[in-house]
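K.L.:
Please build the complex by placing chain B on the supplied structure of chain A, with the hints as guidance.
Chains as they are written, first to last, in our numbering: chain A, -9 to 102; chain B, 1368 to 1480.
These are computed hints drawn from the structure, not numbers from a lab. All C-beta atoms, glycine included, are put in the ideal place defined by N, C-alpha and C. A couple of the hints might just be wrong.
[Claimed, not checked] Footprint (simulated), chain B over chain A, 3 or more residues, beta carbon under 8 Å: (1) 29 to 39; (2) 43 to 56; (3) 84 to 92.
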Amino acid sequence: ETGVTQSPTHLIKTRGQQVTLRCSSQSGHNTVSWYQQALGQGPQFIFQYYREEENGRGNFPPRFSGLQFPNYSSELNVNALELDDSALYLCASSIDRAETQYFGPGTRLLVL
Amino acid sequence: QQQVKQSPQSLIVQKGGISIINCAYENTAFDYFPWYQQFPGKGPALLIAIRPDVSEKKEGRFTISFNKSAKQFSLHIMDSQPGDSATYFCAASDEAAGNKLTFGGGTRVLVKP
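Chain A extracted, bound-state conformation (with noise of 0.2 Å):
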């Protein structure tokens, strides 16, 4: 059974650029959370995608979008990229909305 894959692993990019990141859930799972993990900080809810919808939203601005598709992969655009969106982009997954959620092992952005 293949866990939860993220790519890609590191991202550089300038303030004002767009960024796009990739999460393969786990087999089965139909459901992935987004999570923003700042340095020395816990993980924050961006939002939840389940069998393609869009199911919750955290305190988070439209700058941040996603998609999920058939496969129940996802991914996670940023644009207008700001200095403060450097952070641990984590993705969860689960069966139907389920509480238990396996993450996966992230992609570290770097905004200069």
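P.N.:
The following block gives chain B in isolation, referenced to the frame of chain A:
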């Protein structure tokens, strides 16, 4: 609004000792309380979890104690080992709200040999 408060921020314990991490929550709708372990450069890994109808849950060297009236829960790591050195996060979620996890700020645990 920080809905889950975690303490201490860091902890040093000798090998074989007990590590204790505490969390307090505000939202009474929370109905699932997991603990995650995170090593540097890795994603959080689910360690153990509890529901509010249970006061204690033990899995190996890890025990969660839960006090619903006080809205507090804690993680005890017994017989701490150097390999337990990591950052630990408590979290909480509400099934009616789709189980989005709200995390505490984390506790960095260092186990000295």
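K.L.:
It remains to establish, for every hint, whether it holds in the given structure.
P.N.:
Do the hints match the structure? See the list:
no.	hint	result
1	29 to 39	holds (count 7)
2	43 to 56	holds (count 3)
3	84 to 92	holds (count 7)
Hint violations for this structure: none, all hints satisfied.
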